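All chains should be built: construct the whole structure from the sequences, respecting the hints.
Residue numbers (our numbering), protein chains in the order written: chain A, 521 to 645; chain B, 395 to 721; chain C, 39 to 562.
Think of the hints as simulated: they come from the structure by calculation, not from any bench.
Fair warning: there could be bad hints in the mix.
Listed next, the in silico DSS-like pairs over lysine-lysine satisfying Cα-Cα at most 27 Å (straight line) [unchecked claim]:
id : chain 1 : residue 1 : chain 2 : residue 2
1  : A       : K635      : B       : K702
2  : A       : K559      : B       : K468
3  : C       : K48       : C       : K245
4  : C       : K480      : A       : K635
5  : C       : K223      : C       : K74
6  : C       : K396      : B       : K702
7  : B       : K702      : A       : K559
The structure presented is a predicted model; accordingly, all values stated were derived computationally and were not measured.
Here is what each chain is made of, one letter per residue.
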Amino acid sequence: METIIEFSYVVVFAIVAILFTIAPVIISRLIAPRTIGDKTFTTYECGIQPFGSAWTRHTIVYYTYALIFIAFDVDILYLFPVALSYTKGSNIKEFYSLLAFVLILVLAIIYAWGKGVFTWKRKNL
Amino acid sequence: MCDLAAIINIIGKETARLILGLIGVLIVVVVNALVLTWVERKVSGHMQKRIGPKEVGPYGLIQPFADGLKLLGKELLTPANVDKPLYYLAPVIVFIPVLVSFIVIPFDGFLQVKDINVGILVILAFSSLSVLSILIAGWGSNNKYSLIGATRSVAQNIAYEIPLLLSLLPVAFMANSLSLRDIVEVQRQGWFVWRWQFFAFLIYFIAATAETNRTPFDLPEAESELVAGFHTEYSGMRFALFFLAEYTNIFIASAIATTFFLGGYLGPVLPGIVWFFIKTYFLVFVIMWFRWTFPRVRFDQLLNFSWKILIPVAFANLILTGGILKL
Amino acid sequence: MVREISDRFKEKFPSIEPKEIPYEQRGYHLFIEAEKNNIVDIAGFFRNEGFYLADLCCVDYVDYLELVYFFNNHNKLCRIKVTVKTDPDKPSAPTISHIYNMAHWYEREIHEFFGVFFEGHPFMVYLFLHDGIDHYPLRKKNVPVPEWDRQILNSFRPEEQEDGFFLNLGPQHPSTHGVLRVVVKMNGEYMLSAEPVLGYLHRMHEKMAENRTYQQFLPNAARMDYLGALNFNLGYVATVEKLCGIEAPERAQYIRTITCELNRISSHLLWFGAFVADLGGLTPFLYTFDDRENILDILEATAGSRLTYSYFRFGGLYNDLDENFVDAVKQFITRLRSRFSMYENLVTGNVIFINRVKNIGVMDKGYPIRYGCSGPVIRSTGIPFDIRRHEPYAVYDRIDFRIPTGTTGDNMDRYLVRIQEMEISLDIIEKALKDLPAGPYKAEKIPKKLKPPKGDIYHTIESPRGELGVYIVSDESDVPYRMRWRVPSYSNLMTFPELARGSLIADAIATLGSYDLVIPEIDR
Chain A
521 METIIEFSYV VVFAIVAILF TIAPVIISRL IAPRTIGDKT FTTYECGIQP
571 FGSAWTRHTI VYYTYALIFI AFDVDILYLF PVALSYTKGS NIKEFYSLLA
621 FVLILVLAII YAWGKGVFTW KRKNL
Chain B
395 MCDLAAIINI IGKETARLIL GLIGVLIVVV VNALVLTWVE RKVSGHMQKR
445 IGPKEVGPYG LIQPFADGLK LLGKELLTPA NVDKPLYYLA PVIVFIPVLV
495 SFIVIPFDGF LQVKDINVGI LVILAFSSLS VLSILIAGWG SNNKYSLIGA
545 TRSVAQNIAY EIPLLLSLLP VAFMANSLSL RDIVEVQRQG WFVWRWQFFA
595 FLIYFIAATA ETNRTPFDLP EAESELVAGF HTEYSGMRFA LFFLAEYTNI
645 FIASAIATTF FLGGYLGPVL PGIVWFFIKT YFLVFVIMWF RWTFPRVRFD
695 QLLNFSWKIL IPVAFANLIL TGGILKL
Chain C
39 MVREISDRFK EKFPSIEPKE IPYEQRGYHL FIEAEKNNIV DIAGFFRNEG
89 FYLADLCCVD YVDYLELVYF FNNHNKLCRI KVTVKTDPDK PSAPTISHIY
139 NMAHWYEREI HEFFGVFFEG HPFMVYLFLH DGIDHYPLRK KNVPVPEWDR
189 QILNSFRPEE QEDGFFLNLG PQHPSTHGVL RVVVKMNGEY MLSAEPVLGY
239 LHRMHEKMAE NRTYQQFLPN AARMDYLGAL NFNLGYVATV EKLCGIEAPE
289 RAQYIRTITC ELNRISSHLL WFGAFVADLG GLTPFLYTFD DRENILDILE
339 ATAGSRLTYS YFRFGGLYND LDENFVDAVK QFITRLRSRF SMYENLVTGN
389 VIFINRVKNI GVMDKGYPIR YGCSGPVIRS TGIPFDIRRH EPYAVYDRID
439 FRIPTGTTGD NMDRYLVRIQ EMEISLDIIE KALKDLPAGP YKAEKIPKKL
489 KPPKGDIYHT IESPRGELGV YIVSDESDVP YRMRWRVPSY SNLMTFPELA
539 RGSLIADAIA TLGSYDLVIP EIDR
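As structure tokens, then:
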């Protein structure tokens, strides 16, 4: 029950957020002027006739960063439940498991660092 | 029957709370945006040896209204070769994470829309949605500057989300709760920024500046490189919505910092809500101060700063917190 | 130096006799008449001797076209003029762009303005006149552009290349400070190639000069470089004075020095703000404008205008100094001196700023020789080349000043050199003010209509951006037969494609900002 109520808050707020953004756009539609000109609706290309499409092959230079990120993001979320019960017991074992968990994650950074993911070189062309 | 009546009673109460909360939050959003546009113009003006707005109303106080009206009366241009569904969608969904985050922020002991017991997770989950709208805007515009700005924004978001999580985590460890009100209440014994978590505060603040795309991390809209970045093709009210979302995001980022590290609404003499706004707006001012002081970092420096410095320090801080709690 | 080069040249090319020319009258020491078949060897000879190509231009003498190459040395003054004659019906010459990279653009320019075809040039497309032309504009007779040449000129079309992600920086772009367009081929955040496209502010001042008397052309000079207007004004006036043998009085020379240095500071201040703004820090821009405003006020009271000054006249000045001038300048010097430490704290020491400029856009010492870059750009590479010292004009020979140099030739060095130059300019002004003599500000008996004797002259001065050269050919009429402007930003910008290739877009923007480009000056 409590969960449903909490979810309903989120849903209602999300819906209101959408309405909140649509309303001014509609008002603006009604009162704003419209121009008619053949160059008005061209894409901005620093003042010249646009050429080529933006939807081409585009190199994502930070692809490896994205890969590490996914691993990290998921793993760190595991720690949030841990936060709730960490101080419940006074067992030092919990600290060691936390330590082990974090160290393994840190290894991933060290590995990526050693692999040269974090160094950007000027390309020699 | 008794259950049903109870349920109806609860629903009635909750609906009333919801509606009141919604109205309150919308007022805060709008007023905050108006205030921040004025403050930013005034702050930047004085930092640059100008006076800033002064013509419209006393001290230019009516200036934000004039700006808003002007933007409302501007033509909504839709370039011919955009991906229309995505182009229209982007400014619409930009507000969802912003508004949902307000649910859990405790303005005062009782002034909170709803104290969800996984409050941090709600904010974090929805805040990663904002990058989605930037990506959609950049891709949907069919503009090269927008696309580069959008991809940069994604990179920035994924680089700074982890230090953000890692800086909030030790606080959750210490407070033993994910509810924002609990976290504030725990700080009656002392603010977390002074209780072991100073570095976490620094990391959070840097990461939050990056997540809100503010200088020195304003790469997605780096004007000297990418004209206006992801919102190059947006005009009039659609542009204003991105603008509004940005200011509200700054507010939320500062509000979370206040809640987690600066004792939220706690403070002597003055009522809690006043303390909350004082602390939050002080942090907002600091973010503005950054913008008018620092040059912009470079893309690789931005990513590497997060991975080489912030994340290792945040990990060390987490281990330290874990150790201290077990002592 | 001149004799040595002359001897060594004779050894290498026994058939050509280098003529020694009175430098005081002509502005160059040696004159060599080369042929089409040996110009490449001659260029190679000068390259080996450590000379750089100062200028390459063309003069249409109707019977023949003459290509004029100016060589100069960074270490010791030795200007050499080499000419090659070519047939006006089918003008052509071998390219020297593989020896001097800077000839690359100069040859393109000559091609579109004169129709001279450079054999072996890799990229003979429009540089300024992208809208197309129907005849070659700088020829004395109307020569239509043949169809085959039009096709060559029009062959740069990035929009028709299928592969690659092309990005346009400019002409309407916040970081190009005007209307420069750079067509960039991108690979993610990296730049694969950068091709500057000029001509969005092309006004053809060189052609205008051929249709106006010497006096009428005066205001045009300031319109080329709106930030260093007085320096351009002086460059033109001093050249014509030298050509006609007019001597400006002492007081005028001192005032010219003082106002030119003030102008240099105002130009550098604007650059300072704009450069940091390019890197994302918007605040210094307004601080430097505040300082610059003082200079503009001082100069306005004296010269009558705030930006495009036309203060100098042949044989002197337009009028004498304003009575408050000396006090105002002294006040300004104290004020600006106190501001430098603030700039140092706010900008120079900023970690983000240092990371953005240090070791970015590194030029080694080969660049100045290959590209002929000048001004702060060459001094940042460690070569103390300054026209004010190299071949002094006005009263710079009487004032002792230091030439700041960098070590690595990166953006940081270019930044530091300019900052130091501002401080040194203040010293120069102070010294000149102390020695400022009384007397007339204008030479007497300057003819209303100037008719310089037949001949040519090449005169250079140091503009805020570097070596400004004016080449005038006179045919004894009151209108210049040919006037050629060698502008500093132009040759500085030429290094950009090489520096930008393979770098991140943010670094390339920082490098572009560090050149201190003024586009109207490049486009002329």
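Do the hints match the structure? See the list:
Only pairs whose Cα atoms come within 27 Å are accepted, and A/K635 paired with B/K702 is accepted, the gap being roughly 13 Å. The straight-line distance between the Cα atoms of A/K559 and B/K468 is roughly 18 Å, inside the 27 Å bound, and the hint therefore holds. A threshold of 27 Å between alpha carbons decides the hint, and for C/K48 with C/K245 the separation of about 37 Å lies outside it, so the pair is violated. For the hint linking C/K480 to A/K635, the alpha-carbon distance of about 72 Å lies beyond 27 Å, and the restraint is violated.
For the hint pairing C/K223 with C/K74, the CA-to-CA distance comes to about 36 Å; that exceeds 27 Å, so the pair is violated. At roughly 20 Å between alpha-carbon atoms, C/K396 and B/K702 fall within 27 Å of each other, so this suggested pair holds. For the given pair, B/K702 sits about 47 Å from A/K559 by alpha-carbon distance, which is inconsistent with the 27 Å threshold.
In this structure, the hints that do not hold are numbers 3, 4, 5, 7, in rising order.
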